[in-house]
Each structure stands twice: as C-alpha cells, then as structure tokens.
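Participant: Chain by chain, the residues run as shown.
Protein chains: 2
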Amino acid sequence: MRTLYHWPLDPDSRQARLALAEKKLKFKLVQVTPWAPEEDFLRLCTEGVPPCLTEDTNTGKTVISTARAICEFVADDQGSRYPLMPNTPQERAEVRRMAQWFDVKFAGDVNAYILSERIEKSFSGTGAPDPAVLRVGREHMKFHFEYLSWLLETRDWIAGSSLSLADLAAGAHLSCLDYLDEVNWDKWDGLKNWYQKLKSRPSFRPLLADIVPGLRPPRHYADLDF
Amino acid sequence: MRTLYHWPLDPDSRQARLALAEKKLKFKLVQVTPWAPEEDFLRLCTEGVPPCLTEDTNTGKTVISTARAICEFVADDQGSRYPLMPNTPQERAEVRRMAQWFDVKFAGDVNAYILSERIEKSFSGTGAPDPAVLRVGREHMKFHFEYLSWLLETRDWIAGSSLSLADLAAGAHLSCLDYLDEVNWDKWDGLKNWYQKLKSRPSFRPLLADIVPGLRPPRHYADLDF
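Protein chains in written order, with the working numbering: chain D, 277 to 502; chain E, 277 to 502.
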C-alpha cells in the first residue's frame, strides 16, 4: 500500500505524482494543506509539508519526504522499465542540475513570489496578493523562460534527449503557473512544444483534472491543444 | 584533469570539495567570486555561480554545476570504494531528504540571513549587516539545530548509520557558520560530537586551512579538539 500526501497546486507534490505515475506505480492520494497541516500528518512526516510518500513493506513503513528524495527513490531502479534517469553519470548530472535549478532557483525566484502571493495568501486568509511582489515574480519568470527556451533549442527534453526527472520538475512548476493563467504560451514557442508533449502523457492527466475550490483554472489549462 | 570552481565560504562549494576529497579524487581549485564572476567563468558555467566541476575526458569536457549534481555525480559509482551513498533505496532516500533539507530549508532559513548579511554584503560593499536580519537567521539556526540534535540522538550520522552526502551537506553549512563564529558549540553536545568526527576526516583539512582575507575565523575553527 502506497500513499502520497500532497497538495494539488504545490509543484513539489506534483513532481512526486508525476514520477509515480510515469513509473506506473499505484498510489492513493491524501490531500494535506501546507499552511495548516493536521496533527496526524505532522506525526507521520517530520518535514511537516507535502509531499510525503509512505509505503507499507514487509519490514514496516517507509516514509519519504521532499520532492527530490521521493522522485529519486521512485527512479532509483536503473535498468527498469520507464526510466526517469538517463544511462551515463554525465547525463544524470545534467538531470540533477536542472532538477536542482527548479527546486532552488526557479522556486525561489518565481514561486516564492507568484504562488505564495496568489495561493497561500488567499487560502490562508493572510491578505490580498501584493501587485509589486507579483511583478517581481513575473519578471523572474520571463527571464527563466528565456533560459529554458534557449536550452530547448538544442535538446528535446529539459536535460537532454530523453524524458527525465528534470522534465517532471519543470512540468510540475509550469503547470501550477498555468493553472493560475500566468503563462502567455504564444510568446514561448519552444517551451510550448515541450509542454505540449509532456501534457499529453498519461501521467499528466490527473493534474489536468485538478480543481481547487475557489480558484478556477483558465480554459486552456486542461486542453492538450492549447 | 579535474577542476573545481569554488568560493571558500560558500556551503555549496564546500559540499563539492568534501565529496571529491572523500572519494580521493584529485582536483585543482580555482576561486570564483559569486557576486562578481569573471567572463571566462560565465562562458563556462551557465549557472553563473560556483560550484562548477569540469573534467577533461576522451570525448571532450564535462561541465557540471550545482552542489547537488556534483555531489551525486561524484558519488555515482555504487559499489566503489569510499561510498557516500548507502546500499538500499530507502536509506538513499533519507540521504537525499536531508541533503535537500540543507540545500533548500537550511540555506533559505539561515544562510539567506546570516551568510548573505555577513559575507556577501561586506565583500560586495553593499552595506553593513542588518542586526534585525541576523537575529532572524540566528533564531532559525537554533530551531534547526534542535532538529539536527534530535536526529543525532538515534543515529551516528546525519542520515543514518554511515557517513553520506547528507553529512557533507551539513558539514559544509555548519563549517561556514563556524568560520563566522556563529555556533556556540557548548550548547549543542550531540551536534558537536558529530561535527568533531567529521572535522577530523582528511577531507575536511583543506577547509580548516581556508583563510578569507579581511575575515578571520575564531581560534577554535581549525581546532579538532574545540
């Protein structure tokens, strides 16, 4: 029995969902509110925030938290079907560089401004989004989209020639921004092509069906031909 | 020929130095100033900040940046001598959880306040440290030290029963704070015992010999019996 504790519009939770789904692993989803986690969840997960993966095994319960640890754990069976890591150490390093770039750089420069203002503030009732903060986040986003577009000029996927954990990190982040209608896809051709490929994968389908009460996604969010 | 571009008091650079040294890999160190990187470095490393590892191979030059990608790359030879990753996927997940905790949580809650105020501001000439900001960083540090102390009550090393990348991440961060005399070791017995073990390793010696001009470490910084 495998359970993923998640929050639908949390990019870290989305990475974990995508990795499990790409590996065709069955799991139950349990929703946790990041800014008001329940006692049961805090007892289970020392980090105190989603995502957290639990697995019942013969020797007890495995509990893994942080997106990076969960994704690596799920991918940690080189040679298996549906690989999420490439074959050489050099290629794997590029996957990890890009995953880290999303976990630290993109998250700090974009999410910390846009997602926290538009989601956390609104849901935790701590005020309206600050337009000045949003503006900074949107500037960062543009800057980072230019970098990603430049990378995608010479590679099919975010970290090289095959789908990897880096694409799942990227897709998790971009899909949350897209849910909030923050991405003007017409301006980003290369990025749009890549996102279209990713969005069409079965692993993405549950994310496109997410609906957070009180916050409607734009019509194109779930559309594969956006 | 292997070269690591680093900055001495950057925890990410220190993680990379420790990982290479633990693996007994030879490398040349080239210093890069994070807030004023040179053109040559920017051409080499798209991230634009240290650490960056380059290796000349038969097929060209490998360039790897971000501490996480470099450390995983260096550790990416399961079964070799001097392992930095444990044997089971569950144990590796715990190493990655803790490494991620340092890369994201500790770095965001502590470094972003203490290191950026006391090092970056002073060296980049952008002003004196703000005591209010330092106070917040020090409060976070105490809180996180309590968590680490609690973990070390039931394990010999940060992520389990053997030395791993998680210890290198922890040692890299704590040693920078110690260089700045921010750690009152007498208050943290368990953490001190762990740090003493790590500090005594040959891999740590070059870090203890670091001297950043204009910023003297306290006497106990290089002392193995502090």
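The hints are simulated quantities; they were obtained by calculation from the structure and are not laboratory data.
Treat the hints with care, as some may be off.
One copy or two, it doesn't matter: identical chains are merged, so the pair holds either way.
Mimicking EDC-like on lysine to aspartate or glutamate, the simulated pairs with C-alpha atoms at most 20 angstroms apart in a straight line are [claimed, not checked]:
| # | residue 1 | residue 2 |
| --- | --- | --- |
| 1 | 300 | 499 |
| 2 | 397 | 332 |
| 3 | 300 | 353 |
| 4 | 381 | 353 |
| 5 | 302 | 501 |
| 6 | 304 | 457 |
| 7 | 418 | 323 |
| 8 | 337 | 501 |
| 9 | 304 | 465 |
| 10 | 299 | 396 |
| 11 | 468 | 323 |
| 12 | 302 | 314 |
Participant: First find the shortest C-alpha distance between residue 302 and residue 501 inside one copy, then the shortest across copies, and answer within, between, both or neither for a cut-off of 20 angstroms.
Facilitator: neither (28 angstroms within a copy, 51 angstroms between copies)
Participant: First find the shortest C-alpha distance between residue 299 and residue 396 inside one copy, then the shortest across copies, and answer within, between, both or neither for a cut-off of 20 angstroms.
Facilitator: Intra 30 angstroms, inter 43 angstroms, cutoff 20 angstroms: neither.
Participant: Are the CA atoms of residue 300 and residue 499 at most 20 angstroms apart within a copy, between copies, both, or neither?
Facilitator: neither (23 angstroms within a copy, 52 angstroms between copies)
Participant: Are the CA atoms of residue 397 and residue 332 at most 20 angstroms apart within a copy, between copies, both, or neither?
Facilitator: neither (35 angstroms within a copy, 49 angstroms between copies)
Participant: Given identical chains, is residue 418 near residue 323, meaning Cα to Cα at most 20 angstroms, within a copy, between copies, both, or neither?
Facilitator: between (31 angstroms within a copy, 16 angstroms between copies)
Participant: Within, between, both or neither: how does the pair residue 302, residue 314 come out at a Cα-Cα threshold of 20 angstroms?
Facilitator: Neither, since 24 angstroms and 49 angstroms both go past 20 angstroms.
Participant: Indicate which option fits the pair residue 337, residue 501 if close means a Cα-Cα distance not exceeding 20 angstroms: within, between, both or neither.
Facilitator: neither (42 angstroms within a copy, 40 angstroms between copies)
Participant: If the cut is 20 angstroms between Cα atoms, do residue 381 and residue 353 qualify within a copy, between copies, both or neither?
Facilitator: Answer is neither: 28 angstroms inside a copy and 27 angstroms across each miss the 20 angstroms cutoff.
Participant: How would you label the pair residue 304, residue 457 (within, between, both, or neither) given a Cα cut-off of 20 angstroms?
Facilitator: neither (28 angstroms within a copy, 47 angstroms between copies)
Participant: Is it within a copy, between copies, both, or neither that the alpha carbon of residue 304 lies no farther than 20 angstroms from that of residue 465?
Facilitator: Neither, since 36 angstroms and 41 angstroms both go past 20 angstroms.
Participant: When no copy is specified for residue 300 and residue 353, does a C-alpha distance of 20 angstroms or less occur within a copy, between copies, both, or neither?
Facilitator: within (13 angstroms within a copy, 27 angstroms between copies)
Participant: Give the relationship of residue 468 and residue 323 under a CA distance limit of 20 angstroms: within one copy only, between copies only, both, or neither.
Facilitator: neither (34 angstroms within a copy, 23 angstroms between copies)
In this structure, the hints that do not hold are numbers 1, 2, 4, 5, 6, 8, 9, 10, 11, 12, in rising order.
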